[in-house]
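With the hints as your guide, set chains B, C and D with the ligands onto chain A.
Here are the chains, one letter per residue:
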Amino acid sequence: MTVMEQRGAYKPTPPPAWQPRTDPAPLLPDAEPYRVLGTEAAAKADPELLRALYAQLVKGRRYNAQATALTKQGRLAVYPSTTGQEACEVAAAMVLQERDWLFPSYRDTLAVVARGVDPVEALTLLRGDWHTGYDPHEHRVAPLCTPLATQLPHAVGLAHAARLKGDDVVALAMVGDGGTSEGDFHEALNFAAVWQAPVVFLVQNNGFAISVPLAKQTAAPSLAHKAVGYGMPGRLVDGNDAAAVHEVLSDAVRHARAGGGPTLVEAITYRVDAHTNADDATRYRGDAEVETWREHDPIRLLERELTGRGLLDEAGIEAARQDAETMAAALREQMNQDAVLDPMDLFDHVYAEPTPQLREQRDQLRAELEAEAESEGGTHR
Amino acid sequence: MTVMEQRGAYKPTPPPAWQPRTDPAPLLPDAEPYRVLGTEAAAKADPELLRALYAQLVKGRRYNAQATALTKQGRLAVYPSTTGQEACEVAAAMVLQERDWLFPSYRDTLAVVARGVDPVEALTLLRGDWHTGYDPHEHRVAPLCTPLATQLPHAVGLAHAARLKGDDVVALAMVGDGGTSEGDFHEALNFAAVWQAPVVFLVQNNGFAISVPLAKQTAAPSLAHKAVGYGMPGRLVDGNDAAAVHEVLSDAVRHARAGGGPTLVEAITYRVDAHTNADDATRYRGDAEVETWREHDPIRLLERELTGRGLLDEAGIEAARQDAETMAAALREQMNQDAVLDPMDLFDHVYAEPTPQLREQRDQLRAELEAEAESEGGTHR
Amino acid sequence: MTTVAVKPATMAQALTRALRDAMAADPAVHVMGEDVGTLGGVFRVTDGLAKEFGEDRCTDTPLAEAGILGTAVGMAMYGLRPVVEMQFDAFAYPAFEQLISHVARMRNRTRGRMPLPITIRVPYGGGIGGVEHHSDSSEAYYMATPGLHVVTPATVADAYGLLRASIASDDPVVFLEPKRLYWSKDSWNPEEPAPVEPIGRAVVRRSGRSATLITYGPSVPVCMEAAEAARAEGWDLEVVDLRSLVPFDDETVSASVRRTGRAVVVHESGSFGGPGGEIAARVTERCFHHLEAPVLRVAGFDVPYPPPMLERHHLPGVDRILDAVGRLQWEAES
Amino acid sequence: MTTVAVKPATMAQALTRALRDAMAADPAVHVMGEDVGTLGGVFRVTDGLAKEFGEDRCTDTPLAEAGILGTAVGMAMYGLRPVVEMQFDAFAYPAFEQLISHVARMRNRTRGRMPLPITIRVPYGGGIGGVEHHSDSSEAYYMATPGLHVVTPATVADAYGLLRASIASDDPVVFLEPKRLYWSKDSWNPEEPAPVEPIGRAVVRRSGRSATLITYGPSVPVCMEAAEAARAEGWDLEVVDLRSLVPFDDETVSASVRRTGRAVVVHESGSFGGPGGEIAARVTERCFHHLEAPVLRVAGFDVPYPPPMLERHHLPGVDRILDAVGRLQWEAES
Ligand SMILES: Cc1ncc(C[n+]2csc(CCOP(=O)(O)OP(=O)(O)O)c2C)c(N)n1
Ligand SMILES: Cc1ncc(C[n+]2csc(CCOP(=O)(O)OP(=O)(O)O)c2C)c(N)n1
Ligand SMILES: [Mg+2]
Ligand SMILES: [Mg+2]
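Chains as they are written, first to last, in full-length UniProt numbering: chain A, 1 to 381; chain B, 1 to 381; chain C, 1 to 334; chain D, 1 to 334.
The shape of chain A in the complex, shown without the other chains (with noise of 0.2 Å):
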């Protein structure tokens, strides 16, 4: 049985006795985000997963604060910053099995690090030595992607072609909340629809396009309604609940792998940082709007409902502290080593068989450096 065929034969237009294809309800998110943390909820977590996830958005944020440190000292070319995105960026890592593919948007650095990727490699693109660092195929994550929203088709072909193959493999796929304003956000959630394709969509609504409000992006009721509109269930989760995204996530990825199709998560949070390090934020936002935001911090979300529990003690979040110094420190020095530069690679990918006319540049180059090292009186490294 063909996959087309397992989602129903063609079925002619409604005939004049019409009939919604598909019944709406289910698909329209809840009114208030779904919330775990301090609510009812909690009692139900996992205690361990909690654990695990407490480490990692320490890591997350010691990751963060450690990159930016990174452009202070001219090592990384630029950083987008996810400082109060860690609980969405650390979960989506954490809900996937490894034959799952991450497609991150060029903020995600730090979900491709929680997923394995090395943290060198993972800033390669924003270091400036190559476009891409790691090898997606090993982690399968995609490469971070700085067209916004085009990776989304992609998560979308990558999901089906695994389900033709017959492979049980789900794509999540990430998202700004300004990126679902292009065209490519509706092509995606459209072809995932119709293919019924095992794809996630996380959508991190953090207030802010650069300097542009949500408010002037759109006048969605939210934008997990734009869920109904492909026949995609919706679901608004908050997004500094660690413990909500995850299981908001889980859910969506079992959904996907039973065959249910795509999911549209819009996780609300806020990015506490400027757009970049090269960003004022201060021109488009004041400082009490950040301090709100403070205060609903997913770090201390967590750390909170940990202690509470007594799952969590002095102790426990120094460790967690040291351990994220340790990573620090690790990716500090690491950064501190110079890129081994080719200039050579310049030519050498852009077809498995360089053209005849890129030989000749690839000559008019190499010529060139050792000329270059000569009168340097050096040789070409």
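Among these hints, one or two may not hold up.
Stated by the list, open to error - Listed below are the simulated DSS-like cross-link pairs for lysine-lysine, each with C-alpha atoms no more than 30 Å apart in a straight line: (1) 51(C) to 7(C); (2) 165(B) to 51(D); (3) 51(C) to 165(A); (4) 185(C) to 72(B); (5) 185(D) to 7(D); (6) 51(D) to 7(D); (7) 51(C) to 185(C); (8) 185(D) to 165(A); (9) 7(C) to 185(C); (10) 185(D) to 51(D).
To be verified - Rough simulated footprint, nothing fancy, chain B against chain D, three-plus residues with beta-carbon under 8 Å: (11) 56–65; (12) 113–121; (13) 144–154; (14) 223–235; (15) 287–294.
These are calculated hints, taken from the structure and not from any lab test.
Heads up, the beta-carbon is just placed ideally off N, CA and C, and yes, glycines get one too.
For chains B, C and D with the ligands alone, coordinates are given in the frame of chain A:
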């Protein structure tokens, strides 16, 4: 007060105590397409309006038949017919005021003609003597738009501009079910909702995009359900019920004019003819399906209502038919005259002033044509 | 497999056959696009494929070109070989961002770890009486995008061979199908193991000594006709069919021009910023001292493609080609 | 208006001033794009405009480039003069269908009845250490699209004059802003009634007799530097700044090359299918018998724009230009 201020000052991102930005409930379409003919609502319909709609439908049907016949005689390069969709075409034109704008898709020559554009000028694109035959400003009808859905952002921009200028103008934009899958559909609706632009989007869901049935186009409960994801109302209407389409579109136009913002209307109808005269519809659908829809024909539905209520008799039917024949005869005669062509048109409208490069090319063609005319012993027409 | 007599086939039929053979040979090959399934495509090039291989292998997609190409990228990431159909030249434009920013760059971005073997079939060019947006020659855009191969056949046999090679390529290929040659016929034995033409080789379609016509796709038959007509004027024209714009076969082209000393580039695409500028420039760089005259260009005018009733004035025809040949400074000869 | 002393201004400041003056002069001028309002644009070119003219005149749009350009089309249909900002070169690609299929064609489509006076500002080119997709030189795409003007300044004064002229034009203009010159300074009196440069005129930035460097935008300062350096080698180079790629100023360029007999085209954009091919071809067509050597090209390599740490190898610099000048067959001289 500026338009931007009008729609509310910037509100910070929803703080942790979250509120939906808009109440989704009133945005959702009804489960059943709205109908007037054959229902109780018909009693309230204005008899004059119904009679006017009837006359237009009959004319519209005849226009479709005549245009299709012209393709067989080689007088039109191609014709995408709206047989079966006349209620939508005609109502779209009739609900607008003079100052309003119509944005047709490539299929909607009938709406263009119903709006008052000269039928020959409306067919220029399809005859092949030029791209657009009419002056868009004369009847405020944008050029027939071949690249699907690309006219939708134009309608939004125009409506927004009119509002900025303080003009009381509404734009109505037409698109097919297939066109809703394009990114431009998404971006247009989003801009419209964010700007609260006075636009009405009319989706004619005629069951097919060439050969592709709706089931392969979307998994949504209905196309009207897409509205909620933009924060605008979605309305579902029986597209073959001229009175219902007229009412729903009139309401949406009134709402837009009053500053209420855009509406998405899905009219469920059926393309009775093939995609164009060049298409072979038997490749992708059976006669039985077409027959079902002939039962639900827009003319038949309205005729039944009118005769049943004694608003139309045999003589009235005959008069409408006569009118339509007169129109068809006139169209036939006009289209049998050869188009007047000026090859210099190729160069004269690319820019306000032809570039030096285009002047050279124009001179070249003129010289060629003169040489040709001379060698034919004639003169350059 | 039964042996059949060599009989005329159309280019469209050869393309269908190439798709079918590629799908039969490799289960990774997937055809996708608007109307490619049940209908077999508006030009019927995918006719019968959905029936033979199932809708999962030949899929009617939703109507969204960026979505089609974007999902094809994801499919290729997972090891498939998507063959995407864009319904008409101008309807490939919505997919430009996916094409330029991803399809052309993914291999390079990942230092070769994530190649994208995608073939993008684009029916292109005019001469078929199409209304606006149905007759564009958009090859200049593709040529200017490193990372893409750009291939276009002019004969029935090449349609088969080059499409097979394109699908077999581990890199993305924009495969430009000259619309008005879809129904051109040629004696071609579809049952013969047809040659898979290597990508990147031009071919001399007609040898001659007076001057070289450098051309491709829909303009090849026009140039052949022009070369015939030129005999009356005493010119013996060579016709080079490029077949592949990227990579460009400098060797074949330069060898020809060095021999003849004169060249005219002929294409339907607009002249300004079109392929002819690149071709003329590189020929001149390589053959300067062999040239008796500047390399000239005969191309479409620099205008949006005209409506059906005016297109004959736009398309480069035999007369314009002969006029250009006439301007190749023959007096320098004497 | 108070008189201020002539003082150095950056190109970014001149552009801001041009926008401000245009908005003040004509209420139909509307600025729109991502982050152009409150933030003043990521390059701060629209700084202060929203404050001065209100958000209705300088509007932060949703994040969708096709939507931005598509709604600008509708606004222009209603008589406004939208000035659209694309945040970076590669982020203009999603708007290509609107650009090619509508912006470039609407006037022609309607036989002049519906002109579209839209200015599309595109920060372009590299040299600023930008990560992938932030350094493209995409002018080849725009040049190959009839119906668009393509303009690019290289000096602070031209940035002002050409942007004013572009906004005043009744036709769409793709206004390419060389990113790495945003912070270049020049003595320029912003309070003087600044000249509105006509579109379509190249300018000789430096006269010389040995050979002509034909260039534009970000490569103009590089060519000026190369011309200085060339003096040591005994070459007296002329530098022509095209300023407008469409229309192309054949007159100025050809006059220069006829005088010098040698030419090199210099640009950052890739070579193959890039602007240089067109320029070299048309110069050769017009000046063939004056040329001592083929017109050469110094351009970016035919690769996706490299990452920051490798971009210096890609960008055409003084040495490569001098190398090319050296290959202009000076032995022919003697
Ligand atoms: C197609 C495209 N347009 C514009 C940009 C420039 N840009 C980079 S990030 C950004 C804002 C993104 O906002 P959002 O999607 O909310 O993600 P966030 O930055 O908040 O994570 C913009 C406009 C881009 N990268 N791609
Ligand atoms: C951007 C674009 N892609 C493809 C096409 C080719 N095309 C013309 S009509 C059509 C189907 C349109 O279907 P729908 O939107 O439902 O409108 P209908 O024909 O039913 O009125 C297609 C694919 C096009 N015109 N524009
Ligand atoms: Mg955001
Ligand atoms: Mg349809």
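Each hint, compared with the structure:
1. Of the supplied pair hints, the one linking residue 51(C) and residue 7(C) holds, its CA atoms being roughly 25 Å apart against a limit of 30 Å.
2. Of the pairs offered as hints, the one joining residue 165(B) and residue 51(D) holds, with about 19 Å between alpha carbons and a cut-off of 30 Å not exceeded.
3. Our distance criterion of 30 Å between C-alpha atoms is met by residue 51(C) and residue 165(A), whose separation comes to about 19 Å.
4. In summary, the hint linking residue 185(C) to residue 72(B) is supported, as the alpha carbons are separated by about 26 Å, within the 30 Å threshold.
5. Proximity of residue 185(D) to residue 7(D) is assessed by CA-CA distance (about 9 Å); at most 30 Å being required, the pair is judged to hold.
6. Proposed proximity of residue 51(D) and residue 7(D) is supported: the alpha carbons are some 25 Å apart, at most 30 Å.
7. Note on residue 51(C) and residue 185(C): the hinted pairing holds, with a Cα-Cα distance of about 26 Å set against a maximum of 30 Å.
8. Taken as a hint, the residue 185(D) and residue 165(A) pair is broken in the structure, with Cα atoms around 59 Å apart against an allowance of 30 Å.
9. Distance restraint check for residue 7(C) and residue 185(C): the Cα-Cα separation of roughly 9 Å lies within the 30 Å cut-off, and the hinted pair is therefore satisfied.
10. With a C-alpha separation of about 25 Å, the suggested pair residue 185(D) and residue 51(D) falls inside the 30 Å cut-off, and the hint holds.
11. A stretch counts as covered by a chain when three or more of its residues have a beta carbon under 8 Å from one of that chain; for the stretch 56–65 of chain D and chain B the count is 5, and the coverage holds.
12. Requiring three or more residues with a Cβ within less than 8 Å of a Cβ of chain B, the coverage given for the stretch 113–121 of chain D holds, as 3 such residues are present.
13. Residue count for the stretch 144–154 of chain D with a Cβ under 8 Å from a Cβ of chain B: 3. That meets the three needed, and the coverage hint holds.
14. For the stretch 223–235 of chain D, the stated coverage by chain B is violated: 0 residues have a C-beta nearer than 8 Å to a C-beta of that chain, whereas at least 3 were required.
15. With 0 residues bearing a CB less than 8 Å from a CB of chain B, the stretch 287–294 of chain D misses the requirement of three and the coverage assertion fails.
The structure fails to meet hints 8, 14 and 15 from the earlier list, while all remaining hints are met.
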